[in-house]
Amino acid sequence: MGNTKIIPRGFGPALVLVLLAGVVGGLGQWWPDGGSQAVQLTRCGALLAEAWEAAAVEEVLFRGVLLWACLSWARRRNEAYPRRASRDHRFAGLRAVVDPAGFAVMASSLVFGLAHLFPEGSLMAPGADIGVAAIQGVLKVAQATLFGAVMALLVVRSPYGSRPFPQRALSLMAPVIVHGLFDLLFWGPLLLTGGVLPSTYLTGNPADLVPLVITTVLLAWAVKSC
1348 MGNTKIIPRG FGPALVLVLL AGVVGGLGQW WPDGGSQAVQ LTRCGALLAE
1398 AWEAAAVEEV LFRGVLLWAC LSWARRRNEA YPRRASRDHR FAGLRAVVDP
1448 AGFAVMASSL VFGLAHLFPE GSLMAPGADI GVAAIQGVLK VAQATLFGAV
1498 MALLVVRSPY GSRPFPQRAL SLMAPVIVHG LFDLLFWGPL LLTGGVLPST
1548 YLTGNPADLV PLVITTVLLA WAVKSC
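Residues 1348 to 1573, numbered by the numbering used here, are exactly what the sequence shown covers, in order.
Any given hint might turn out to be false.
[As the list claims (entries may be wrong)] Label-pair ranges, simulated between beta-carbon atoms: (1) GLY1478 / PHE1512: 41 to 51 Å; (2) GLU1426 / GLY1357: 22 to 32 Å; (3) VAL1412 / ASP1476: 31 to 41 Å.
Rather than coming from a laboratory, the hints here were simulated on the basis of the structure. All residues carry an ideal CB built from backbone N, CA and C; glycine is no exception.
Please take these sequences and the hints and turn them into a complete structure.
See the structure below:
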């Protein structure tokens, strides 16, 4: 019957690290905002809806449409290259073949990371330290790229990833679930205690670099563990 698990074998440690990064990021958002307010249960419904909606939309767009488009392009390119290269060409003996899965994971994850430099609000706080804001920007892109890489690897290594549609869509179940849980852990502590989302993406506050560095390291470790 084959493997029908939605989470590929061996991904346990990587997913624990991803969720731990969500916890660290959530504490980093919550603590500077006060860190001791009572939980507002009325916000639970809105938080759940927003987290799962964002997870589903982003996974379908980046790990569904974009990832599979990159996979398809790389496979077609590999098939076409031998027909294009003439025998007397100086590079005829070189197999210029890319790994479709590796290319798709890297390309889609990088686009996902760079997309996080275009927030809904303003990019940088007025009067923010430019140097600190620049470091924040690099870390946020790295953080999102690494997170996207883990989600993409969940898809390409899923037992459903090589099946025809509509079964292939089941490979997105694990990324949607993990992404939703990550968002709940990342934004939950702040929103459930009465805090509000930051109005700017890059605060320029040196203290905000600490959770960013920790979460980036955890996500890099997660990618290495996949």
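Of the numbered hints stated earlier in the document, which are not met by this structure?
none
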